[in-house]
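There are 2 protein chains.
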Amino acid sequence: MDNPGYRTGSFDGLHHPSDDDDDEMVDIAGATLDFSTTDDVPPLTTPMAAGVNGNGPTKLVDPLEDPVPGVGTYEDFNTIDWVREKSKDRDRHREITSKSRQSTVALLHSVSDAFSGWLLMLLVGLMSGALAGGIDISAHWLTDMKEGVCLNGFWFNHEHCCWTSNETTFQERDRCPQWKSWAELITGATEGPFAYIVNYLMYIVWALLFSFLAVTLVRAFAPYACGSGIPEIKTILSGFIIRGYLGKWTLIIKTITLVLAVSSGLSLGKEGPLVHVACCCANILCHLFTKYRKNEAKRREVLSAAAAVGVSVAFGAPIGGVLFSLEEVSYYFPLKTLWRSFFAALVAAFTLRSINPFGNSRLVLFYVEFHAPWHLLELAPFILLGIFGGLWGALFIRANIAWCRRRKSTRLGHYPIIEVLVVAGFTALLSYPNSYTRMSGAELISELFNDCSLLDSSQLCGYQQVKTGVGNTLADRPAGPGLYTALWQLALALVFKMMITVVTFGMKVPSGLFIPSMAVGAIAGRLLGVGMEQLAYYNHDWIIFKGWCSPGADCITPGLYAMVGAAACLGGVTRMTVSLVVIMFELTGGLEYIVPLMAATMTSKWVADAFGREGIYEAHIRLNGYPFLEPKEEFEHNSLAVDVMRPRRADPALAVLTQEGMTVGEVESLVESTHYSGFPVVVSQESQRLVGFVLRRDLLISIDNARQRQEGVVSASQVVFTEHAPSQAPDAPPPLRLRGILDLSPFTVTDHTPMDITVDIFRKLGLRQCLVTHNGRLLGIITKKDILKHMAQIANRDPDSILFN
Amino acid sequence: MDNPGYRTGSFDGLHHPSDDDDDEMVDIAGATLDFSTTDDVPPLTTPMAAGVNGNGPTKLVDPLEDPVPGVGTYEDFNTIDWVREKSKDRDRHREITSKSRQSTVALLHSVSDAFSGWLLMLLVGLMSGALAGGIDISAHWLTDMKEGVCLNGFWFNHEHCCWTSNETTFQERDRCPQWKSWAELITGATEGPFAYIVNYLMYIVWALLFSFLAVTLVRAFAPYACGSGIPEIKTILSGFIIRGYLGKWTLIIKTITLVLAVSSGLSLGKEGPLVHVACCCANILCHLFTKYRKNEAKRREVLSAAAAVGVSVAFGAPIGGVLFSLEEVSYYFPLKTLWRSFFAALVAAFTLRSINPFGNSRLVLFYVEFHAPWHLLELAPFILLGIFGGLWGALFIRANIAWCRRRKSTRLGHYPIIEVLVVAGFTALLSYPNSYTRMSGAELISELFNDCSLLDSSQLCGYQQVKTGVGNTLADRPAGPGLYTALWQLALALVFKMMITVVTFGMKVPSGLFIPSMAVGAIAGRLLGVGMEQLAYYNHDWIIFKGWCSPGADCITPGLYAMVGAAACLGGVTRMTVSLVVIMFELTGGLEYIVPLMAATMTSKWVADAFGREGIYEAHIRLNGYPFLEPKEEFEHNSLAVDVMRPRRADPALAVLTQEGMTVGEVESLVESTHYSGFPVVVSQESQRLVGFVLRRDLLISIDNARQRQEGVVSASQVVFTEHAPSQAPDAPPPLRLRGILDLSPFTVTDHTPMDITVDIFRKLGLRQCLVTHNGRLLGIITKKDILKHMAQIANRDPDSILFN
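Read top to bottom, the protein sequences are chains A and B. The opening residue of the first sequence carries number 1 in full-length UniProt numbering; numbering runs sequentially from there. The opening residue of the second sequence carries number 1 in full-length UniProt numbering; numbering runs sequentially from there.
Quick caveat, the hints were computed from the structure, so don't treat them as lab data. Some hints could be false.
Which copy? The list can't say, so a pair holds if one copy fits it or any two copies do.
[As the list claims (entries may be wrong)] Result set (PhoX-like, lysine-lysine): computed pairs, CA atoms no more than 25 angstroms apart in a straight line:
(1) K99 / K632
(2) K789 / K408
(3) K408 / K336
Note that the coordinates shown come from a computational prediction; the quantities given were computed from them, not determined experimentally.
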């Protein structure tokens, strides 16, 4: 039995264009997108043809035996064919397995091939963990740089600088003589309005400098390094090609500019971009292993695992990371990948721990120590926080998308550097006076999550000391002036963060959304928590507090409210569910608070979904017009395949090739007169019975190759897709046999197939196109883009917003 | 545009045969299986036809408008069509959504429909949690019953009986005067050989009684209640119908006999059967909600969640339970289900905690308190444990399957009651003298996991008290005589457990495998741990111990070794990976030990996989011949669809119907002369162009129905599948229009489609059959059973071992 066409030898000797080729500087999220008319595939690039020549122009190639270089690869900004890729990999694996029985070397090769996945995961975990540690340390140092410098060496951050100091009392540890604020260094003044103003100015200057560096580096070297990267990674994982998006330049620039952007004090986090960084590491490391370098589907398995690694190092939550990858980012996630992702996430988390960037050998970003119980009645405020989170999430998505659309469509988008400088300056100007906005987002959240201990000197713990009979009790104290000040500052910080995050996310610097969203929720939660606490203190006799919140009892934990609020807001913005709860569970390490977290997250998701089903990442995918077929959403409309397929009723008939009888010239002119990515091959024009499907790219490469290397192939040569060449006149030029590039098993559906089933098939099998038949006759074709356009039309959106194929 | 046939109105008015119909007592795992020749669907049952009659025989039904009752349902022991079920549910949902805009009542209905899933999950969680609590308490009580009775009331177990006692010293708590051993009660003697013999005999008598009750109850009322149930649940979730397997009788009998079987001291656990119990709860509760009662696909979503609930209550590990369901049992697991499963698992876990069956308000079964660090060098013994676990797993599966096959094929299978009694008697006889086999499996594991505290009086902590300068150190002591005795007993217990479990699993009582496997591993691990500890004590100067295991240091924790060993053995038997590690992580509540656990689990899986890819559940599925298409295993062979399809080359041509021109009589005789489950409909016999596919069952029901209710339908009437009835002679009888039952969107592949792709399509879309075409002409058909037979053939197994369709 003959092997079907595209499967024979599709895995060796392919010239695979390097994936980290950063020369194509397409400004993907920006206003300067210039391939918005992409029903057509760009013409074949010359390097490809040159590569073919390089193999030796005199060799006679039979396309049935030896694959032509370039056949089976993809253009940039195109959708891959999952079925073909997976089939290629199975062929590869089968070949290795069958060879392994022949010799010891082949057996070793087979074993090393089987373990290469694990080795790759180990490397990805190590590299990502190390990079995350480096980013943490550098960001910490640069953030402190905005406030002052260490005399022992400028490379020490504030904390490290004071470690060697002799003043070891708890209060004074922050103020060691080696650490000089800028005012002290420049003017010698440590206190007073003058010193304050100098420090203020220096803060703004550093913020502007860092953000300027970040945005110019991104503009100059790697435009793909901006944003959080998660929308693009979701698209890539769903089977799209964006060359250079996960390349080495993107990695280097994103790592550097991420540190700068975080240090500049902008309202953004480093957690989302860490996912991008981990994916870049994985993509680069894939080049070490043939199995992953040459197969787009296998590589996406690794990238899915890398997304888990990113979250694992961001929060120190390996299980949460794996579930995040499963729930939020991945498209094709076989169980084998689950296990490997978990392994990689663990390796990364332990690498990060051994680097110990937080100096406390803790794995997690916000370690929560309290274990106070919560009461069932408290579910009411928790659900309230859920509602707040949902509303904020829905509002944020709308405002942010409106702002980003404005950036794309107006002149605003032409001045990204000025935009970043204005926002950074404005942020620094407004955030310095308020201590809760001056500190970094992660510090703020950490402080809000913390419960007050007796020795705590922070303003948030500014309770009045009440001498009761019970002794040195911590619980149940009235708020003092310190706390009131803190509440005011927090309220201002809340309003400020809510506004500035909308304009910050989407600028041309690396920017994550996890920390700002969590900060908004944590502030709201802490405010509500302190409010509840004081309400209970002054109204112990109210019926709702009776029984569980008597005087002196430690009944309300404001830190828990902050935690619940943070989860609610993050859930409202990203629409994460299980992974969010598990990440928060891993932060606290106990099942105690899982019910409050779950209640808030569920409420938040329901409330936010009522205003729009899309999370922020899906909204950005749609904004950018990526061909992403949402796996979670059900297709609700009851249209049929015949309503979606091309050609439409009024259109000219489908362009098809016949399996014999067409000449090279005819095929070429047909291909040139249309812009389709592929052509069905039929038995004859009259019968329209389907034989197979051939891709435009493969067809052009093969004809080009044959004209140059095969003797006698001219425009008058017949193109033959059948197994056996037909008999022809003796003086006719030799036929060009192209069965080798013909996909003999194209997917078909009938014209009566409901679109919900068709969409399901596209999603589950990862198709790029599907042919439509009626009673055994070819009728039309449906591509992924057609489906997305149809879905946009149903949702009353512009179908032309889907840009890519 | 007309709706395609089977989709119009497929969701209302269907007579759906009750799923907990226990009348059909098919002995599914037994030797008396008598439908092994099932290429044919059993003839239509009379009740179905009676149901049709019941609706009123005079009403004139147009099959295009009103669905015939029974069309769209499935026979017992048949595979469901996932695509059709999901499509039905989408139609239902679409109808409700479109109606909801018309009236407030409809809107409320739509809202209640949307939340019914959550309500159902809540109920499943509550019911399963409550049942698990009841099972725990009863099993505890009955287990103690074997040793003695409480004078305060026979319904107290040993621990509860002594709670009220005044003797509260730690040592004496076990020996309160209210609790009488059987010897004490019968003869008055508390000590001495006579009392021992009386107790011994009573122990055996109770064990025999409990096991006799268990096996007779199962035989008499619910044969499906035996075994662990997980293989069958996996099969059901993959889309198979076994009526009554999850019915109310199975639930009641399984709950009762599970308690009896566990109490009888047999080497089995209750954890696996709890999954079956939870699934029964879910299936019964599904009947409360139309959405789930009427749709096989939706119901399987709930069952997947119930599997998570089962593990959640078994181990107190909600996240682990969800991952277990995802990794091990489920087939179709959309992300929406993930979130709901998590919710249900949490509800169940907290219900169980509020029942508090262990009396310590702990959620988890084995709570581990030690937090001693481990050293990197210890990975070597951990990996050794992994190798042991893998070898044991592979060995166990082979031995158990060989034994079960023997039971099926020899006379052994005819005497299940005697078999159970012999095994129970033998187990009791051998296990009483050894305290580690006498205690229940869960207690044993709990004791092995525990670390020795200073006050610990158990034999396992029988170290010599060494007075060193360091003080009352616990660590680094030489073993005393108590510990040596314990080690011997443990070694004997290990051998005994390894042998007896092989013959126990698969008997006709409810029996889980988690606890026995974990016990084997925990014993092996503890033995190795104590060995390492003593090695280190006597050889502190060895190079491998230097630096981390100096004298007096607490360097080796035998309890950790037991834990790692338990994970390794469970992994070897079930081949679980992520879920296993996460369950163990939830038991310990810290990330510290996740690396040892992962190392052991990975090693164990690799070693076990080297001897055979199947876990115990897959092996039992294959033993029983269920049509289960393993989603994890890749199809490696390079055959094509044409090699697998029917008819084979020598066979007569495929039986097809034409879309017009056949009479009712011709159709009936064609259907009767074959045993196929469905028939393709073509344009004409000559063209073989495919129009659609019609199921045998739907065809027979419709013709039957039409003959009885539609006037003028006789054998000479034309059967018409086209949209418009063809013109015919004026005196001809009116045609029978059957477009309504025609599936106009059957799945097709070409004859050149590689089987790996075809298998992928079957798996991912949940197909039951697929038609094969060549150049647009119908060529043959592939069913799920054909694929499974083909796979069996490739693996050199008997293709006829696949029993069902």
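Right, here's what the structure says about each hint:
no. : hint        : result
1   : K99 / K632  : between (41 angstroms within a copy, 24 angstroms between copies)
2   : K789 / K408 : within (21 angstroms within a copy, 58 angstroms between copies)
3   : K408 / K336 : neither (41 angstroms within a copy, 34 angstroms between copies)
Consistency with the previously given hints fails for number 3 only.
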